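Engineer: So the sequences go chain by chain: A and B. My numbering numbers the first residue of the first sequence as 1 and each following residue consecutively. My numbering numbers the first residue of the second sequence as 482 and each following residue consecutively.
Source of the hints: derived by calculation from the structure; they are not laboratory data. Since this is a predicted model, take the numbers as computed values, not measurements. All residues carry an ideal CB built from backbone N, CA and C; glycine is no exception. Treat the hints with care, as some may be off.
Straight-line Cα separation of at most 25 Å, DSS-like style, residue types lysine-lysine; simulated pairs [unchecked claim]: (1) B:K563 <-> A:K389; (2) A:K311 <-> B:K619; (3) B:K632 <-> B:K604; (4) B:K869 <-> A:K26; (5) A:K388 <-> B:K563; (6) B:K619 <-> B:K563; (7) B:K870 <-> A:K185; (8) B:K769 <-> A:K288; (9) A:K185 <-> B:K677; (10) B:K870 <-> A:K82; (11) A:K196 <-> B:K752; (12) B:K563 <-> A:K196; (13) B:K635 <-> B:K624; (14) B:K869 <-> A:K82; (15) A:K26 <-> B:K870; (16) A:K389 <-> B:K635; (17) B:K570 <-> B:K541; (18) A:K193 <-> B:K666; (19) A:K151 <-> A:K82; (20) A:K185 <-> A:K152; (21) A:K138 <-> A:K89; (22) B:K507 <-> A:K388; (23) A:K388 <-> B:K792.
Derived coverage of chain B by chain A (criterion: at least 3 residues anywhere in the stretch with Cβ under 8 Å from a Cβ of chain A; other residues may be distant) [what the hints assert, rightly or not]: (24) 672 to 678; (25) 835 to 843; (26) 862 to 871.
2 protein chains.
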Amino acid sequence: MQPSEKAHSIQFLEDQLQDVITLLAKQQLEQSLVQRGPAVNHELVEAMLKNQHQARLQEKFSLMHPADIGFILESLPLAQRKTAWDVIKTLHDGQVLLEVSDAVRQTLILGMEAEELAIVAGKLNADEIADLAADLPKRTMLKILRSLNSKKRKHLNAILSCQDNQIGALMDFGMITIRDDLNLKAIIAYIRKLGKLPSHTDKLFVVDQYDKMQGILPLQRLLTHPPSQQVADVMVTDFIRFQIDQDAAEAARAFERYNLISAPVVDSDDKLQGRLCVDNILDFIREKTDEDLLIQAGVGEEEDLFSSVWKSARNRWGWLLINIVTAFASTRIIGVFEDIILQLVALASLMPIIAAMGGNTGNQTSMLIIRSLALGYINPSNISHLIKKELTLGLINGSFIGVILGLLSFLLYRDIALSIVMGSAMFINLLVAVLVGLGIPLMRYKWGKDPAVGTSVILTAITDSMGFFIFLGLASLFLIK
Amino acid sequence: MQPSEKAHSIQFLEDQLQDVITLLAKQQLEQSLVQRGPAVNHELVEAMLKNQHQARLQEKFSLMHPADIGFILESLPLAQRKTAWDVIKTLHDGQVLLEVSDAVRQTLILGMEAEELAIVAGKLNADEIADLAADLPKRTMLKILRSLNSKKRKHLNAILSCQDNQIGALMDFGMITIRDDLNLKAIIAYIRKLGKLPSHTDKLFVVDQYDKMQGILPLQRLLTHPPSQQVADVMVTDFIRFQIDQDAAEAARAFERYNLISAPVVDSDDKLQGRLCVDNILDFIREKTDEDLLIQAGVGEEEDLFSSVWKSARNRWGWLLINIVTAFASTRIIGVFEDIILQLVALASLMPIIAAMGGNTGNQTSMLIIRSLALGYINPSNISHLIKKELTLGLINGSFIGVILGLLSFLLYRDIALSIVMGSAMFINLLVAVLVGLGIPLMRYKWGKDPAVGTSVILTAITDSMGFFIFLGLASLFLIK
């Protein structure tokens with residue numbers, strides 16, 4: 001359905017949300033009034049009132065775009081979300097399930113019968129069912145698979161057999177294929193007979209009888225060339241196609257670079273398998289970057305704002321437990337130097353600075369490397385240049401910050417030897433930080449792992465413990481008699 | 482120009498890059514050989530060799546898509562980038578300048594004369610010139626403005642008068658406008674006469690004589706309805722339009738939700754001002770999320786991988802200096818408690834754990850809030866629910882982690898009183914962390930500031946100092962006689 005004209009404004013959506021909440025609250029209030037009132041015709045009145053509000057809610061939601069309903073469900077606390085969902089789960093043929101985040105989708109699916117789910121999913125396209133597949137119970141999935149026709153089942157299997165990071169996982173099947181021996185007039189007649197084009201159709205795919213890609217026919221060419229011309233003469237033969245098992249991130253970069261709207265996906269025999277559209281690429285980029293941000297902050301995965309407290313807690317404990325381990329490990333180094341601290345207690349308040357500054361500098365370096373790796377800017381021909389630059393930067397930053405910290409600690413403690421140890425330790429730990437900030441993401445990338453995952457935790461653990469070790473070690477060598 | 486078929490693979494691009502580097506190296510080698518050889522005809526030979534390699538480079542680049550050239554320039558160290566740019570700066574009419582990052586663009590523009598820049602910019606569209614405007618010297622910009630025709634100048638001024646975060650800053654002017662009293666046949670004839678459509682044309686805009694929006698005519702309808710029908714009968718009148726001064730992030734969310742390809746941008750009188758396309762939205766989302774990631778890691782702005790060391794250093798010093806200040810400030814609290822540490826030195830190695838765990842938990846909370854604010858999921862109706870949930874989570878996490886840390890420190894020091902102080906301090910600091918992690922982004926958002934900026938630094942400063950204060954304060958109350 002067409003999104004309503006005003007719906008794109010966040011203010012409008014918030015007003016809608018307010019309305020929904022008011023309706024939900026009224027329904028609950030009146031139910032409780034009925035329950036507290038005389039028991040005469042209790043069930044009848046309740047059912048009547050409930051029906052009345054359900055009808056109003058249903059009417060409201062039926063006028064809304066599935067994506068807007070999704071937005072409202074995301075913003076509703078669990079209990080209200082459940083009430084609202086009960087009213088609308090059969091509206092829009094399951095489209096709403098596609099528009100919410102994974103975390104919210106799980107809360108919605110939990111409240112549905114296997115039978116209901118199978119009916120809803122049956123109305124979706126193969127690529128849409130594939131989006132839901134991970135969240136559906138296995139039994140429901142089997143039921144759905146059995147109910148599909150063979151073409152749809154083949155499409156669904158094609159997507160499900162791809163890994164999440166492969167292009168095949170993002171493709172859909174809304175492509176229009178034509179033969180190259182027709183003329184444009186026949187093509188236009190064919191489209192007119194179809195009555196509508198799949199969304200994001202900016203080009204038709206020209207294939208031979210074995211489904212091998214021959215070329216693409218942009219709608220623009222269809223519209224601007226004389227109708228009597230043959231497809232073969234008008235089609236573009238040098239075009240971008242993607243391999244079904246290629247890395248999805250590579251496709252995302254290609255869509256950004258060449259401003260694509262849709263592109264064919266082929267197998268190793270150049271046979272057309274599906275199509276990739278910019279809307280799925282947009283979702284992919286949003287998900288990937290959100291994931292990177294959350295990982296950076298130590299949150300396991302996308303979280304439903306209103307998930308139960310226990311679920312959220314479990315999602316965050318993973319990193320927190322790792323942090324406890326690394327924090328204890330790095331501070332054990334302080335334990336070794338307790339005698340030194342007793343002799344010069346100023347060390348206790350200076351040492352966290354060395355550790356913290358190391359972590360900060362290391363994170364700067366590693367984030368730039370992670371981002372450049374993601375954009376594909378780092379390769380064997382420039383890597384040595386890059387390492388040299390970051391090391392030089394580490395030397396400069398180390399000297400600069402080392403001198404500043406040396407001066408500041410002299411102002412505090414009026415102890416030249418202590419200030420020199422402070423400055424030198426800072427200098428050395430910043431070099432360590434740069435080396436680690438370069439090393440971890442590059443190593444992880446080389447070994448085929450996501451360079452973003454875990455880098456920050458490992459880096460901080462190393463810069464913390466090295467910071468304590470270098471500072472207290474230098475102090476024990478040069479400050480303590 | 483059409484991107485080449487193979488160009489979307491990163492392997493292909495890396496091979497291209499290798500070739501370019503080899504050519505550049507040959508050129509330099511032969512130049513130095515000539516310089517070291519006998520001085521006979523020195524300049525002539527050098528010029529000949531240089532020309533030969535330049536021609537080969539130029540040929541290579543002229544076959545490449547501007548975006549691919551941009552990729553190669555991003556991956557080339559400064560000196561090589563400059564040599565390559567000298568060869569190709571007039572190719573592709575300035576398109577390459579649009580395809581590189583801001584940081585790299587500055588290095589390219591630095592090497593060009595004002596005259597050259599004006600000529601190149603003159604060939605671009607108004608929205609493309611606007612993209613360059615921030616990086617062009619003022620004098621050059623004036624020269625360009627004078628050379629434009631009045632329509633292009635009006636367009637350019639319309640974009641430049643918008644702020645970076647407004648929709649107007651992202652619009653282009655490649656829209657095709659039609660009147661509603663024509664029939665579809667006339668529109669098709671008109672398009673055929675135009676000979677080509679601007680990229681991303683999925684709909685035509687129907688306006689009246691005052692340029693007021695009447696409706697949109699999707700190409701799909703143009704292709705599937707009988708040619709004899711009037712535009713007025715076929716056009717869609719309930720469609721999404723954006724206000725020129727609306728928040729660009731809102732447009733991005735609408736493009737994601739409704740899978741738009743293009744949409745009209747209007748002023749407050751509903752007059753058509755320009756159009757918004759998904760390619761610009763994609764760039765906007767990429768830039769915004771990259772910025773968030775870099776800010777999170779304390780890097781000022783997007784950085785050219787190969788910028789001079791001094792420039793990179795300046796870009797990173799801002800946050801590092803702020804970090805020095807906050808690190809010193811929070812550790813001053815330790816200084817106050819030095820006597821306590823002397824009496825119980827175990828405190829010195831336990832206190833960094835309290836501080837670090839507080840920072841980690843606070844960052845988890847704040848990142849989820851920042852992300853939910855960015856997606857528009859938080860609003861007055863659910864905020865109290867959300868705060869309650871995060872506080873409950875803080876209580877649970879605090880008890881859980883408090884107990885673990887208490888146990889671990891008992892294992893290390895066999896001191897029950899110390900373990901209880903450790904656990905309690907952790908519990909209190911985790912509550913502080915949740916409050917601060919909630920408070921800072923919500924406050925900044927309420928005051929109309931970007932909730933992502935600076936949150937992590939302020940949060941860590943508070944959880945560090947509060948961590949030290951709570952732990953050492955409790956220790957001085959309960960552990961020291």
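Engineer: Hint by hint, which ones does the structure fall short of?
Structural biologist: 2, 7, 11, 12, 16, 19, 20
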